[in-house]
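Trainee: Chain by chain, the residues:
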Amino acid sequence: NAGVMQNPRHLVRRRGQEARLRCSPMKGHSHVYWYRQLPEEGLKFMVYLQKENIIDESGMPKERFSAEFPKEGPSILRIQQVVRGDSAAYFCASSPLTSGRNTGELFFGEGSRLTVL
Amino acid sequence: DQQVKQNSPSLSVQEGRISILNCDYTNSMFDYFLWYKKYPAEGPTFLISISSIKDKNEDGRFTVFLNKSAKHLSLHIVPSQPGDSAVYFCAASRGTASKLTFGTGTRLQVTL
Numbered sequence: 002n003a004g005v006m007q008n009p010r011h012l013v014r015r016r017g018q019e020a021r022l023r024c025s026p027m028k029g030h031s032h033v034y035w036y037r038q039l040p041e042e043g044l045k046f047m048v049y050l051q052k053e054n055i056i057d058e059s060g061m062p063k064e065r066f067s068a069e070f071p072k073e074g075p076s077i078l079r080i081q082q083v084v085r086g087d088s089a090a091y092f093c094a095s096s097p098l099t100s101g102r103n104t105g106e107l108f109f110g111e112g113s114r115l116t117v118l
Numbered sequence: 270d271q272q273v274k275q276n277s278p279s280l281s282v283q284e285g286r287i288s289i290l291n292c293d294y295t296n297s298m299f300d301y302f303l304w305y306k307k308y309p310a311e312g313p314t315f316l317i318s319i320s321s322i323k324d325k326n327e328d329g330r331f332t333v334f335l336n337k338s339a340k341h342l343s344l345h346i347v348p349s350q351p352g353d354s355a356v357y358f359c360a361a362s363r364g365t366a367s368k369l370t371f372g373t374g375t376r377l378q379v380t381l
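Line order of the protein sequences matches chains U and C. 2 is the number of the first residue of the first sequence in this note's numbering; add one for each residue after it. 270 is the number of the first residue of the second sequence in this note's numbering; add one for each residue after it.
Just so you know, these hints were derived from the structure itself, not from any lab. Heads up, a few of these hints could be off.
[To be verified] List time: in silico EDC-like cross-link candidates among lysine to aspartate or glutamate, alpha-carbon distance up to 20 Å:
#1 K337/C <-> D293/C
#2 K45/U <-> D300/C
#3 K306/C <-> E42/U
#4 K274/C <-> E41/U
#5 K45/U <-> E73/U
#6 K45/U <-> D293/C
With the hints as constraints, model all of the structure from the sequences given.
Mentor: Structure below.
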């Protein structure tokens, strides 16, 4: 499967624990985006990364959330000290590196569903 | 601040008829618009897009119309099929970044 791979698909954590969500982009894609979907809402942008660089983190909560996309390995979204309000579906998307105008199309993974008890 | 709005949370259409999904935006800097389709427990999949320099883009049964002066776009599906039943998200971007701003989605149900 050459699509965007996310794991785990489902994650249950108790309040105060840490959650780590992983995303491997499509082959040949070097841009990764994380979105969050709360119940009955649309997808909200969180962060945009390229290898070893955070390009835009304007949608990330100021505390407890961090993201990285190392030179080797998947992108990781890390949520420390989770609270019930963090329960959501977290989607990763990727796009290819383009030299010119980016068409904006993103390829999404199937999401990681976080439940905080 | 909801910059992309889909005011109809749901729509029911008979098989074979036309489905029209609507989307409004407030940010005049948006210059690229996309529609995504989402099935339960799956990620969104790209459907069709349109640049702000155009007012119509067609791909098979799917056509997107853009009215820049009204800051409004719509997705037409004709003829509608049961497999089209899904949640449809409108999204917009500006500049060369792929940061997409999504609407809240419209759930389309195509009935037999």
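Trainee: Taking each numbered hint in turn, which are not upheld by the structure, reported in ascending numerical order?
Mentor: 5
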